[in-house]
Amino acid sequence: MDREPELLAPDLGYALVRDRTAQGSVAYAFGELDLSTASAFESFLLDTAAGPWPVVAELSECRFIDASIVSVLIRVRDGLGDAFRIVAPRTSCARRLLGILDLIEPLGVHETQRSAFAGGRPQTNVVDLQFRPHAGRDRRRANRSLSPLGRDRRAWNRA
Amino acid sequence: MLDNARDIQSDVSAHSHAMSIPIGQVVEELVDILGATTVAVIGGVKETRAVQQWCQGREPQRAHVLRFALQLAQMIAGSANHEFAVAWFHGSNPSVDDDVPMLMLANRPLSEVQAPLVRAARAFATSQATG
Numbered sequence: 033m034d035r036e037p038e039l040l041a042p043d044l045g046y047a048l049v050r051d052r053t054a055q056g057s058v059a060y061a062f063g064e065l066d067l068s069t070a071s072a073f074e075s076f077l078l079d080t081a082a083g084p085w086p087v088v089a090e091l092s093e094c095r096f097i098d099a100s101i102v103s104v105l106i107r108v109r110d111g112l113g114d115a116f117r118i119v120a121p122r123t124s125c126a127r128r129l130l131g132i133l134d135l136i137e138p139l140g141v142h143e144t145q146r147s148a149f150a151g152g153r154p155q156t157n158v159v160d161l162q163f164r165p166h167a168g169r170d171r172r173r174a175n176r177s178l179s180p181l182g183r184d185r186r187a188w189n190r191a
Numbered sequence: 442m443l444d445n446a447r448d449i450q451s452d453v454s455a456h457s458h459a460m461s462i463p464i465g466q467v468v469e470e471l472v473d474i475l476g477a478t479t480v481a482v483i484g485g486v487k488e489t490r491a492v493q494q495w496c497q498g499r500e501p502q503r504a505h506v507l508r509f510a511l512q513l514a515q516m517i518a519g520s521a522n523h524e525f526a527v528a529w530f531h532g533s534n535p536s537v538d539d540d541v542p543m544l545m546l547a548n549r550p551l552s553e554v555q556a557p558l559v560r561a562a563r564a565f566a567t568s569q570a571t572g
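Chains as they are written, first to last, in our numbering: chain A, 33 to 191; chain B, 442 to 572.
Please keep in mind that the hints were generated in silico from the structure rather than gathered at the bench. Each hint should be verified, as a subset may be incorrect.
[Claimed, not checked] Now the in silico label distances, taken between C-beta atoms and shown as ranges:
#1 A:D114 to B:H523: 32 to 38 Å
#2 B:H523 to A:P121: 17 to 23 Å
#3 A:T123 to B:A564: 23 to 29 Å
#4 B:E500 to A:A115: 31 to 37 Å
#5 B:R560 to A:R122: 33 to 39 Å
#6 A:P84 to B:A556: 39 to 45 Å
#7 B:E553 to A:S71: 22 to 28 Å
#8 B:H523 to A:S103: 33 to 39 Å
#9 B:T571 to A:R107: 34 to 40 Å
#10 A:D98 to B:S461: 41 to 47 Å
#11 B:A556 to A:S68: 24 to 30 Å
Backbone N, C-alpha and C fix where the C-beta goes; we use that ideal spot for every residue, glycine too.
In isolation and in its complexed conformation, chain B is listed as follows:
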């Protein structure tokens, strides 16, 4: 029960953080956790140069996807470390029909992938917390 309450708290704080900071900071934090190449894929661009431009103030075209990715990254990196977060985004995930979260975010509408990815991230965070 206590673990469940802690998970919900972690979800809420990850969401609040990702939605309440400027988009440039969102991108910087995502790059810190996942690296510029992965952020470029999630942001739907072909150049890591674009990611640098986002950090310097240019508005990304898919800001809402990047904010959601930061929410997921924080849920995962909060319970594990950055290396696990990268592996989670890059790996084929049985919780989402063996799809790759990074490619789901890049190639599908956010409304379609949001719920399954949050459930998968929550399941991962819970499994890490309970050891």
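Chain A with its partners taken away, still in its complex shape:
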């Protein structure tokens, strides 16, 4: 017999929901995640990993994340490896922070769920480069190493 659905812990600022599909598991996070919710978020991600892989953390609707949440993402990525992916579109708060910290590629941050499930290389884009602390110094190296968007940027620079 199915268990009664687990109720969310009452909290004003956030909500977590998981969706298990044939493609894998998606952990949706809504609202604001910070030090006070990091532990619950980590447990939620690890519980989600008990379902089908890959596991995708969908952060598109997160209005705020702080360094403690980044730590959680790094720990879970360390534990699950490439099977753990993150979705944060370029307009999202999460992508900005991860871009500043130069974690787009190391953490496997994708623009869309489709891209995340496809499992290709995450695309670093112009916005990410603008937020990189060493963007000026590393620009040539970044342009050489990155995605089609990186090549577009080179063409744009030449023009």
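Given chain A's structure and the hints, the job is docking chain B onto it.
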């Protein structure tokens, strides 16, 4: 005056509809408008699987919240489209002190959020109707 009368009519019909259909149908209509993930948040559960179970006859623990959410969704989707309704539920809303309606429904007692959310939905529907 005519617009006002039409708004009240729309409020009443959204309320009547949400309160008079079986809860399984309430959930199905909400999923159709907002998607299963948002319905799971509003229903206060961590799994979209629970939403599927509600559609198949299991009684949700917060049925009254889901009925109220359908009332709001119909007020909004009636004057705009489903995409706007999703944006309204997910977005920070100045009419309710910049809170997010979806999270208010998920995390606070219904009695506390009912009146401000109806006022906010009514204001949105009116602004859409008057262009």
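Okay, the hints, checked on the actual structure:
no.	hint	verdict
1	A:D114 to B:H523: 32 to 38 Å	35 Å, holds
2	B:H523 to A:P121: 17 to 23 Å	20 Å, holds
3	A:T123 to B:A564: 23 to 29 Å	26 Å, holds
4	B:E500 to A:A115: 31 to 37 Å	36 Å, holds
5	B:R560 to A:R122: 33 to 39 Å	35 Å, holds
6	A:P84 to B:A556: 39 to 45 Å	42 Å, holds
7	B:E553 to A:S71: 22 to 28 Å	27 Å, holds
8	B:H523 to A:S103: 33 to 39 Å	37 Å, holds
9	B:T571 to A:R107: 34 to 40 Å	51 Å, violated
10	A:D98 to B:S461: 41 to 47 Å	45 Å, holds
11	B:A556 to A:S68: 24 to 30 Å	29 Å, holds
Hint compliance for this structure: hint 9 is the single one not met.
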